[in-house]
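**Student:** Sequence:
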Amino acid sequence: MSAAGARKVAALRGDGVDLAAAAEAFLATNRLANPNTHRAYASAIDRTAGVLGRDRLLGEISDDEVGQALIELWGGRAPATWNRNRAAVSSWLSWCRSVKRWVAPSVPAEAECRKEHVDGTRAVAKTTLHRLLSRRDIPLREKTLWRMLYETAARAAEILALNVDDLDLENRRAPVRSKGGAIEWVYWDTGTAHLLPRLLRLPDGSSRTHGPLFLAERRPVPARRPAAADICPHTGRARLGYDRARVLLGQHAGLDLHQLRHSAATHLGEADVPLQLIMGKTRHKNPRTAMRYVNPGPEAIAKVTEVLAPRRRTH
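First residue of the sequence shown: 1, per the working numbering; consecutive thereafter.
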């Protein structure tokens with residue numbers, strides 16, 4: 001085989017493609033045009049490449065190494081976290097093999113999807129939420145995020161993707177990009193409205209005007225520096241990630257981020273708000289899908305049970 005032919009075969013096999021280049025090529029595809037999806041995939045793929053070695057050639061990585069990297073990173077995490085990150089890495093490697101025709105490893109069978117336990121009573125009582133959001137030991141960032149998730153009934157990824165300049169503070173609303181890529185509006189109430197100015201205030205008394213709304217505790221290390229759009233120009237801190245936000249809510253309250261959205265929809269249903277308005281608030285398109293979130297909670301069931309009790313005698 002000629003030298004030119006050998007180079008062509010090597011290019012097709014991906015012999016000269018390292019993990020960093022393969023990740024960059026995949027993340028630039030149109031399938032990840034949604035910024036929320038792109039951010040989630042980029043985080044999972046970047047961390048996996050970091051464990052495996054970004055400078056290593058794609059064709060040299062074995063299936064077992066991929067499995068060990070996934071276990072090291074997310075083996076002890078909740079099934080939903082494991083499945084989400086495993087799926088991102090699997091999609092990346094599958095794209096390398098099927099679309100680019102590169103020699104690439106696969107996620108091994110041993111690193112299979114894990115069963116997620118679906119709890120049909122995920123809504124949290126309104127009194128429980130109000131007590132949580134009134135606690136003085138909860139940091140301002142978490143209190144603002146949780147209240148905003150509850151009052152907007154939005155998805156956590158949508159709220160975490162907000163930038164300061166997205167906020168319409170006067171009208172208490174902000175645009176978010178939905179799962180389908182459309183721009184939609186979410187609305188909050190007085191609780192969030194009172195907290196946001198405090199969250200945006202800088203030590204010198206001025207306020208942040210650009211960059212991510214919710215920030216991580218520290219500045220990112222050079223090796224893990226995210227895109228410029230995810231760095232606050234005022235503080236140098238990065239955007240708060242979904243996994244970190246999930247862990248903090250679990251530590252403080254033993255809850256999942258999605259429960260705040262689910263609880264908001266449930267409480268609206270318990271207040272006899274029509275299904276059409278609940279769909280407008282949660283931005284569900286299918287009534288059958290929205291109905292899953294409008295199951296009455298224990299407080300509402302206990303209240304309606306009073307109707308079955310015998311009438312009290314009046315003297």
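In short, the hints are calculated from the structure, not lab data. Keep in mind it's a predicted model, so treat the numbers as computed, not measured. We treat Cβ as the ideally placed atom computed from N, Cα and C, and that holds for glycine. You may find that some hints are simply not true.
Computed beta-carbon distance windows for the label pairs [to be verified]:
#	residue 1	residue 2	range
1	T305	G205	46 to 56 Å
2	T305	G250	55 to 65 Å
3	I301	E24	28 to 38 Å
4	I71	V307	24 to 34 Å
5	P274	A28	40 to 50 Å
6	G205	L27	34 to 44 Å
7	P203	R54	27 to 37 Å
8	H194	P310	40 to 50 Å
**Student:** Next step is simple, just say for each hint if it's right about the structure.
**Tutor:** So, going through the hints one by one against the coordinates:
no. : hint                       : verdict
1   : T305 with G205: 46 to 56 Å : 53 Å, holds
2   : T305 with G250: 55 to 65 Å : 32 Å, violated
3   : I301 with E24: 28 to 38 Å  : 52 Å, violated
4   : I71 with V307: 24 to 34 Å  : 53 Å, violated
5   : P274 with A28: 40 to 50 Å  : 44 Å, holds
6   : G205 with L27: 34 to 44 Å  : 39 Å, holds
7   : P203 with R54: 27 to 37 Å  : 36 Å, holds
8   : H194 with P310: 40 to 50 Å : 45 Å, holds
Of the hints listed earlier, those the structure fails to meet are numbers 2, 3, 4, in rising order.
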